[in-house]
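A.B. asks: Sequence:
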Amino acid sequence: MGSLRSLSSSCWTLLVGRKILACVASVPYRSYHPSDQPTIDAVEDGIAQPEVQKHFVLKTPKGTHDVHPKQMAIRERVLSTVVNCFKRHGAETIDTPVFELKETLTGKYGEDSKLIYDLKDQGGELLSLRYDLTVPFARFLAMNKITNMKRYHIGKVYRRDKPARGRYREFYQCDFDIAGHHDPMIPDAECLKILHEILTELELGNFRIKVNDRRLLIGILTVCGVPEAKFRTVCTSIDKLDKIPWDSVRRELIEDKELEAETVEQIGKYIRLNGGLPLLEHLWDDPKLSQNNLAMEGLRDLKLLNKYSEIFGVTDKIVYDLGLARGLDYYTGVIYEAVLLQNPGGPHVRQNGHSEEYGSVAGGGRYDGLVGMFDPKDRAVPCVGLSIGIERMFMLLEKKYKNSKEKIQTTDTQVLVVSAQKKFLEEKMKLIAALWNSGIRAEMFYKENPKFLSQLHYCEERGIPLVVIVGEQELQAGVVKLRIVTTREEVSVSKENVIEEIRKLTSHQCLDVTS
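Read left to right, the sequence shown gives residues -22 to -1, 1 to 493 (mature numbering (1 follows the signal peptide of the UniProt record, and there is no 0)).
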């Protein structure tokens, strides 16, 4: 031991350093920081500090996910369908910042305000990530003094929600809104028509559009004896009816919201009703509701909405559901929600009080007072709109394509330029340059001598419909071979006519790469 004490500090440093190097060499890759290593001073004091190892796990943040090429291809199909529909109805598009001033979002979402992501203050402004696209749109209208607009907006929104299957903390929304003073229920009926068109075109299976009116709901609560101060919190409980049975909602209203049992029973008699136009007629004659002006206003508009919806041909999917509440504070009139009645990739998965539903995929309504909240003179701009949550649609369509074993083309490539022998790299490069210059989407392997079968297999996997084959015999004859991947038919074409022939073939139905 005496001989060890006599070692110089430089020797101690060398010995300990070798030990640390040996430890590092024996473990998998991890992230290290210089402060994790024993310092020279600590070693000279005879104290070797314990090694701190930081495990670095590669993953996305909780509630987020990466999207792979095949998933992106499905996403683009959905977005294309949605955008085409929005444009067909005359909407123009805008974009807004992904974060807003915190005060812009505060007080607009009721109990869901706790789900807003606040950002750390780094410049004197308190900021929050946008919760939806509706409030930023209202701020945009007020700030730019716009009183008439039909717009669509597709962008990511953020919520500190509990992640679940099909529910993320970062996700896309597709919004369509009509702002301006118009005759009652005409824009509202168009929004229902848009929902009907999109869900029909996406072929997600049977669906239902549930419709209610916040004025009717407030009227029901009033005639049932609910204090005005509890309207908001009671609506939040009612909004859970599509997720939990009435008995659970009833218990919550009595135990948590402290309503009288008799009041809750009266509420239940109304909010569990659903149906078509006959339901609206029945409510119109209801002795209690007929004495409430707000409820009558809501019913009057719903009857008019039904008339216009019938003209648009969408009443086959509409159900008037008095249990629909839509928890957001800014709704003032008609509200609606689209739900799938079946899972395209499997059986029904949810049973509520009325029918089996897979889940909500879109919602919206009228919010006539939101823009006025941002205007210094409280000038209102009536608005109505819809928001489509396409993440769940992606998931459903992905499962649908998987079950159907349909090939998903992840690129728009029309042609792969290949060769079966060596020494044709330059010829392929000249040919593909000519294709690119003519606007044809083409690829080639970045090798001088790729395997011929590997190139054909690549086409089949990627769904590329055509192959252009460059070979010695073809070059001597001044032609190339065109091969249709799905049918394996081949035809020789002169180099001068190859572009014209490719265009002809790629526009032909025989090149359906999903067959």
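Don't read these hints as lab results, they were simulated from the structure. All residues carry an ideal CB built from backbone N, CA and C; glycine is no exception. Misleading hints may appear alongside valid ones.
Derived lysine-lysine pairs resembling DSSO-like cross-links, with alpha carbons at most 30 Å apart [stated by the list, open to error]: (1) K408 to K295; (2) K123 to K140; (3) K281 to K37.
Here are the in silico distance ranges between beta carbons for each label pair [to be verified]: (4) N126 to K48: 38 to 44 Å; (5) D99 to G68: 29 to 35 Å; (6) D356 to M50: 42 to 48 Å; (7) Q454 to T42: 32 to 38 Å; (8) F290 to K221: 25 to 31 Å; (9) N126 to R466: 53 to 59 Å.
A.B. asks: Now look at each hint and say whether the structure bears it out.
C.D. replies: Now the hints, each set against the structure:
no.: 1; hint: K408 to K295; verdict: violated, 56 Å
no.: 2; hint: K123 to K140; verdict: violated, 37 Å
no.: 3; hint: K281 to K37; verdict: violated, 51 Å
no.: 4; hint: N126 to K48: 38 to 44 Å; verdict: holds, 42 Å
no.: 5; hint: D99 to G68: 29 to 35 Å; verdict: violated, 41 Å
no.: 6; hint: D356 to M50: 42 to 48 Å; verdict: holds, 44 Å
no.: 7; hint: Q454 to T42: 32 to 38 Å; verdict: violated, 57 Å
no.: 8; hint: F290 to K221: 25 to 31 Å; verdict: holds, 30 Å
no.: 9; hint: N126 to R466: 53 to 59 Å; verdict: holds, 57 Å
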